[in-house]
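Asks: Protein chains in written order, with my numbering: chain X, 1 to 148; chain R, 1 to 89.
The hints are simulated quantities; they were obtained by calculation from the structure and are not laboratory data. Just so you know, these numbers come straight off a predicted model, no measurement behind them. C-beta: ideal position from N, C-alpha, C; glycine also. One or more hints might be untrue.
Only part of the chain R face toward chain X is listed, based on derived beta-carbon distances under 7 Å [as the list claims (entries may be wrong)]:
id, residue
1, 23
2, 24
3, 33
4, 34
5, 37
6, 45
Read off the chains here:
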Amino acid sequence: MGHQEKQSIVSIIGSVLIIGFYTLYVYKNQVAGDLEILNDFRFWGKSFLWLIPIGIGVQIVIHILFAIGNRIVTREDMPEISDERDKLIELKSIRISHWIFVFGFMLSMGSLALGMKPYVMFITLLSSGFLASLVSEVAKIIYYRKGV
Amino acid sequence: MGKNSPVISNNIRRLRFFASEMTQQELADRTGVTRQTIMAIENGKYFPSLELAFRMAYVFKVALNEIFIYNAEDDPVIRKTNPAKTNEK
């Protein structure tokens, strides 16, 4: 398995951990006992704004730890360059993730149009973002394995 | 033209052998890509850009068509657009 595939797997694990722990934390500390907060736009605004820097920070830490661990176990350095194949795979996987996010965005707007509560829209938006990032990494693994 | 395409094949493994058993890593370093990319090209899982193909030709000191072989008879586009010529063969 190449470095890039390992990195994608680490990213998937990181995303699952971040979204899992963050939603659990927010649910336990804010939502549990006060379900009305789900209809508060300020709550959703704050949750989304915190999730972005926390997510980026945790992903960076996870990747640094992975690079160190990988260096110790395999005694191989991570590739310093990102070549044309890496860039092509990155572009193709981003395109897939954009389509998924756009679909999720349409669904979330659809939920508003159908008169559902605003939290359905926010949850759909969050889920589509999460799903888009997961599928993007899975697509990368497939492209690296099967070819571009 | 897709992955493992029969339309374009390559002689990289053979050329590496004749270049004093040049390793994939060495070729990767000299052409500015990763070893995984060289491996993917050798296995027909990735077709390099023209720039990278020319760099490889420069490293091996051969013409481009000595590295990559184009089989027009197997190309569905050529078969469709030039049916008479491909049927002759």
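Asks: Indicate, hint by hint, whether the structure satisfies it.
Replies: Hints and how they fare:
1. 23: violated (14 Å)
2. 24: violated (12 Å)
3. 33: holds (4 Å)
4. 34: OK, holds: residue 34 (chain R) within 7 Å of chain X, min 5 Å.
5. 37: holds (4 Å)
6. 45: holds (3 Å)
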